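Q: Using this note's numbering, the first residue of the sequence shown is number 1, and each one after it goes up by one.
Simulated from the structure, these hints should not be mistaken for lab results. Bear in mind that the values here come from a model prediction, so they are computed numbers and not experimental data. All C-beta atoms in this analysis are idealised placements derived from N, C-alpha and C, irrespective of residue type, glycine included. Some hints here could point you the wrong way.
The calculated BS3-like cross-link candidates involving lysine-lysine, where the alpha carbons are at most 27 Å apart (straight line), are [to be verified]:
(1) K24 <-> K130
(2) K80 <-> K3
(3) K264 <-> K205
(4) K297 <-> K204
(5) K204 <-> K190
(6) K171 <-> K54
Here are the simulated distance ranges between beta carbons [said to hold, decoys possible]:
(7) E53 <-> I20: 18 to 24 Å
(8) P187 <-> E232: 23 to 29 Å
(9) E290 <-> D28: 16 to 22 Å
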Amino acid sequence: MGKVVAVCISPKRGMRKKNIGKGKLLIDKGVEGDAHAGFAHRQVSLLAWESIEKMRQMGLNVGPGDFAENLTTQGIDLTKLPIGTRLKIGKEAVLRVTQIGKECHHRCAIYYQAGDCVMPKEGIFTEVLKQGNVKVDDLIELLPNYKLAVVTVSDKGSRGLREDKSGDVIKDRLRFLADVVDYQVLPDDKEQLKTALVDLVETKKVDLILTTGGTGFAPRDITPEATLDVVEKLVPGISEAMRMKTLEITPQAMLSRAVAGIRKQTLIINLPGSPKACHECLDVILPALEHGLEILKGKGGECAHLLEKN
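Let the sequences and hints guide you as you build the complete structure.
A: Laid out in structure tokens, this is it:
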């Protein structure tokens with residue numbers, strides 16, 4: 001797999017960066033201590049060692065950080081990664097590619113020495129979706145991109161009488177894993193919800209549907225019933241795990257009727273309507289969710305063609 005060759009930062013923008021060997025990637029920021037941290041969608045820059053080697057062959061004494069990149073990589077053709085590609089760095093951190101190359105407004109010293117520079121053409125920029133530590137020799141893994149639909153089931157929410165904070169929780173927590181391609185706020189109506197779920201699976205081909213709301217004892221709480229009518233296979237372990245773990249937090253967890261299941265190649269999971277309860281349930285399922293989607297979609301190895309042999 002690809003790997004990290006250097007972790008580089010600089011105290012000021014426009015400077016060559018220094019390899020510090022290890023650092024921390026901060027969500028929506030960049031490399032901790034770097035002058036470019038928090039710079040819009042260009043939070044972390046990457047350049048391949050293979051690109052630097054081209055300049056060395058032209059006679060330049062250059063190395064990691066000299067092109068102002070944060071992470072020097074090896075073994076991945078960065079220029080072939082589509083915008084939106086997710087990269088897992090080390091054990092935890094996840095980046096998303098936001099830009100390939102850049103327009104060079106001011107010629108750098110390297111350009112005047114060699115008549116060329118690789119960073120504007122072969123460097124890439126990313127944003128941090130999930131923070132974590134990064135160090136030299138950490139592996140770089142290309143993650144599959146999944147399509148997520150969020151469906152909030154609430155009579156008041158559908159009429160604009162209640163702000164959908166739970167839907168926002170889901171969208172924020174799943175950023176590292178999936179792109180939200182559909183978001184709906186529906187009333188507590190069984191047939192309307194069933195129609196929406198089937199359309200998301202059959203027409204929009206989403207990989208994951210997370211519902212929030214309608215899983216309790218109220219007369220109009222029908223989300224589990226609608227879900228059971230739609231799915232072809234049950235995944236009881238997901239709902240059982242959520243109830244078991246959240247029962248350690250509140251006895252009210254035993255009142256949840258949430259279910260989870262599969263229709264074709266789409267996983268559907270009911271989450272509670274409370275933002276706090278959504279957080280707690282996502283804490284339970286997220287560690288296993290990525291692996292489950294890989295198995296369901298058969299995507300575990302589809303990115304291997306983008307990796308070069310070291």
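Q: Run through the hints listed earlier and report the numbers of any the structure violates, in increasing order.
A: Hint 6 is the one this structure does not satisfy, whereas the remaining hints hold.
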